[in-house]
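Peer 1: Put together the whole structure using the sequences plus the hints.
Chains as they are written, first to last, in full-length UniProt numbering: chain A, 1 to 370; chain B, 1 to 508.
Hints are all accurate, no fakes.
Partial chain A-side listing against chain B, Cβ under 8 Å, derived:
| # | residue |
| --- | --- |
| 1 | Lys233 |
| 2 | Glu239 |
| 3 | Ile248 |
Once the Cα atoms are required to be at most 30 Å apart in a straight line, the calculated DSS-like pairs of lysine-lysine come out as:
| # | chain 1 | residue 1 | chain 2 | residue 2 |
| --- | --- | --- | --- | --- |
| 4 | B | Lys112 | B | Lys159 |
| 5 | A | Lys25 | A | Lys362 |
| 6 | B | Lys213 | A | Lys25 |
| 7 | A | Lys331 | A | Lys212 |
| 8 | A | Lys331 | A | Lys71 |
| 9 | A | Lys233 | B | Lys377 |
| 10 | A | Lys233 | A | Lys25 |
| 11 | B | Lys215 | A | Lys362 |
| 12 | A | Lys362 | B | Lys213 |
| 13 | B | Lys377 | A | Lys25 |
| 14 | B | Lys480 | B | Lys423 |
| 15 | B | Lys71 | B | Lys186 |
| 16 | B | Lys444 | B | Lys284 |
| 17 | B | Lys263 | B | Lys423 |
| 18 | A | Lys362 | B | Lys71 |
| 19 | A | Lys71 | A | Lys212 |
| 20 | A | Lys212 | A | Lys64 |
| 21 | B | Lys480 | B | Lys263 |
It is worth saying that the hints were derived from the structure and are not from the lab. All C-beta atoms, glycine included, are put in the ideal place defined by N, C-alpha and C.
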Amino acid sequence: MTISSVETQIASKSRLKIERRVNPKTSWTVFMYLLAVVIGFALTALLIMTSGADVFKAFAALFKGAFGSQKSVFATLAKSTPLILTGLATVVAFRAQVWSIGQEGQVYSGAMGAYFGCLIFAGLPVWMYLSLIILSGMIGGAILGGIAAILKDRFDVSEIISTVMMNYLIVFLLSYLIGGGPWTEVSSTVVYQQTGPVPEASQLPHLLGSSKLHLGFVFALVSALVCYVLLEKTPLGYEIRAMGFNPIALAYRGTNIGRTTVLVMVISGAVAGLAGVAEIFGTSHRLRADTLYNLGYTGIIIGMIGGLRPLGTVIAGIAFGGLASGALYMKLLAQVPAALVPAMQGIMLLTFLCAAVAARYKIVRIQSDG
Amino acid sequence: MSDILKAVNLTKRFPGVIANENVNFDLRAGEVHCLFGENGAGKSTLSSCLFGFYQPEGGHIEIGGEIANFKSPRDAIHMGVGMVHQHFVLVAEFSVLENIVVGTHESGWQLKLTDARKRVEGLCAEYSIDLDLDARVGDLAVGQQQWVEILKALFLDAKVLILDEPSAVLTPEESLRLFRIIDHMKELGLSILLISHKMVEVMQADRVTVLRKGKVVDTVCPANVTPNELTRMMVGRDVELRMVRDRTEDAERKFETVLNVEKVSYRDGRGKLALDNVSLHIGKGEILGLAGVSGNGQKELFEILSGVLVPENGCLSLDGERIEGLPSRQYMDRGVGLVPDDRFREGLIPEFNIRENMILGWQRHDDYTNGMFLDHKQIGSIADGLIDEFQIATPSGATPVNHLSGGNAQKVILAREFVHSSKLLLANQPTRGLDLGVIEYVYKQIIAKREEGYAILLASEELEDLLNLSDRIAVMSGGKITGIVDPLTTTVEEIGLLMAGGKEEQAA
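Peer 2: In C-alpha cells form, the structure reads like this:
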C-alpha cells in the first residue's frame, strides 16, 4: 500500500494524516532508533513473561552472556563475523535495488569453494595457502550470485525467484557431498553430515589470545570499509546507488544496467562467500551444514536494520552476535527457551523498520473547519 | 446568474509551500470559467480541493449556497461535481460503455448495460458527441478517450465539470471540436471550470481567474482585457512572450550535414510500428524543429538518435560515420547531448544531489576521477561553477534535485548535456511545464548553441516557438514524417493539418 492511499484512508476516517518530513534531523532519527530498541525489548519482555521466566533475570543473563566479560565479548564478535559479512552482501545488492535473497546459498557455496581450495592447494606455504582458500571461497559465492544476475539480464528471470531456488539447490548439493558423497568424513563408522577436520595450516588464526575470535572478524571490518569506499567513492558505487534510485536515467546516460547488475551480484556473492569461509575456517574447522544454517537470511535482516549502510550493518551485526552468544546464558541462567532469540530478532527487525519510516514521516492532525 | 460552486478563503499547505492562500473563487451556473496561471501557481491544488481530492486547511467550499465538506472525491461526485484529469483513468481492455458504467454507484453487483446504454446514447445525442459505445477504449484516439472521460462525469449527473488542461493531448482540430462542445454544454446549463495556460482558450472563457503563487490576482472578463494584460497578471511582470531569433544572417548559412537519418523504422514492445521509414538530416548550426502531438513517434525517434533504442531498419550517420546499433555510451562519446522529455524519470537521479547529477553518464570520465576513485573535490568545483553559470536557484550543490523546481531541475540537465556534448543536441520538449521566464532562458541557451555550430533537434508542442526558432520544421504523425516545412512561409494551419496525418490521409 502506498503512502498516499494510507493518507486518504486515514484522512477520511480520523482526520489524521501522514506527511513526509522536509528535512529529517539526525537527532530525531537517532531518537527513533533508540525508541525502536526500547520498544523491541519491551515486546520481548512480554514474550519472556508468557514463558513464565523472570524478565529482569533473563535480560541480565542475556547481557552477561553477550558483553559481560572479555571472553564473552570475543565470543560475540566471533558470532557476529559471518553476520556482518552477509549483512554487507545484502547492502551491496539492495542499494542497487537488486533483491537478492541468495546470501544463504552463497554462504554455502563460498564454504564449499573454500573447502575445495583447501583440498587442492594443500602443501603450499601457509600464507599463500590461506589466501587461495579465501579467494576460492569468494569465487564460490560470486559464481552463485553471477548466475542469478545473468539469468536476470539475459532472460528477465526475477532475482528473488532464482536466488531462493538456488539456496535450495546448493543445500542439496552440500548434503550429497558430505552425506555419503566424496567429501564425507570416512574415519568413523557412523556417517555424520560433515567432512573431516580441515588442516591446521588452513585455519584462520585466532586473535588476542582468544579461543573464539579469529582473523575473519578483521575481514568483516575490512569488508565494511571496502563496501563503504566502493559505494561512496568509486564510479561503480555511483552507478550502484543511481541504479537503486532510477535505473532508467542511468541507462539513458550510457551505463549498461545488465553489466552493473552482474557486477553487483558478483560482489555481493563474494562477500557472502567470505562469510562461509570465516565460519568454516575460523570457527567450526570442518565443512558441515548446520553451522552455516540461516547466516544468509539473518544477514538480510542485519543489512536492513543497519539502514543498508556499511557502518550500521557492522553495529547491527555485533548486536545480533551478542543476541546469539547471550542466548545460551539466558537459557542456562533464566530457563528461557533459546528459541526466543530468533523471535527477538524478528521483533527488532519490525521495530527498526517502523523507526526508519517514523524518522522520515510525521503524523499531523488536519484542522477542520465545519 | 447564481453561484453554483464557490471557494471562500480557501487555504491549502504542503510541507514547505503554501499552495493556496485565502483563495476566493466562484463558478456561476452556465459559465465557462478559466483558471489561468503558471506552473506551481496553485491551479491544480485548487481544483483538487474543489473535487474533494485534497481537504483545505482553511476556508470552505460552497455548493449552491450551502457549505460542502468533501472528505473524498466520492462526496464531490455525489454533489454533482465531475472532473476530467489530464491523465485519463480508463481501462483499455473495456468497451466505451463498460468504462462509463463500471465503478459508478448505479452498477451495484450487476451491470445493467441495456439501461445504461440508453442513457449514454441520450447523453451523446444531447451534447452531440459522436462515439461508438462498443469500441474498445484502447483502440480509440486520445481525443476520443477524452470524450469517454467526459461522458463518465455526465453519466454521474455532473452539473459542474472540471477540465484539467483538456487540450494538452489534442490535435488543433480535436481541440476546436472540444471547445465547440464545451460551448454547447454551457448553453445546456452545465458549468465548466477550465484549467489552461493556452491564451487562445483562455480568451474564449466567460471569466478568467488568474492565480499567482497560490493567491488570486484577479477575476476578469476576457472581453475587457488584452492577452498581454493577462500575461502580465500571471507572471507579475512583462515578459517577452515568444523568443524571436535574429534571422538576418540566415540567408548566408549553408548547413553542412551533421546527422543523417535514413529510412529508420522501429517496432515497439507491442509490435506497433512506432517509427515508419523516417528520414531526416540536420546540419551544423541548424535547428530542426519537430512538431507533432505527443505519442506519434517523437519519443522513439529521440531514443534512437541517442542510442537508447536500436532501430529495426535504416541507418544513422553522424559526421559521415555509421552509428546505428552502437550503445548509447558511444553516442555520448561522439558528442551527442540529450534533453529527455520526462526529466525526472529519464534525465535525473532525483535522490542524488545537483553535483552528482551534473556528472550522470560521465562518472567514469578522467575529469571526475582520480585513479579508481571519484574526485569529489573536482566534481564539486566544476558542478558549482555550472550552478552559477546556469543560474540554478539552490542553497548549495549538495541539494538533492528532487527538492528543486522543474525549471531548476531542467537547468541541471541542460548544463550537463551542454558541457559534455560537442556536435548534436537532442532536446525533446525542453520547456514543457516550465515558467515563461525559464522558457525564455532555455531557448536563449539553445540559440547560443546553434551559434556555436551545434546541430539541434528541438521538439515542442508550442508551434509558435518552433516557428520562431527553427530553420526547418519536420512534422510527425503516426510514426511518419508527414512533411518538412519552412517556418518563414508555412502557417499554423498547414502544420496542424500535417500533425493530423497530412495530405495522405486526407486523400485516403
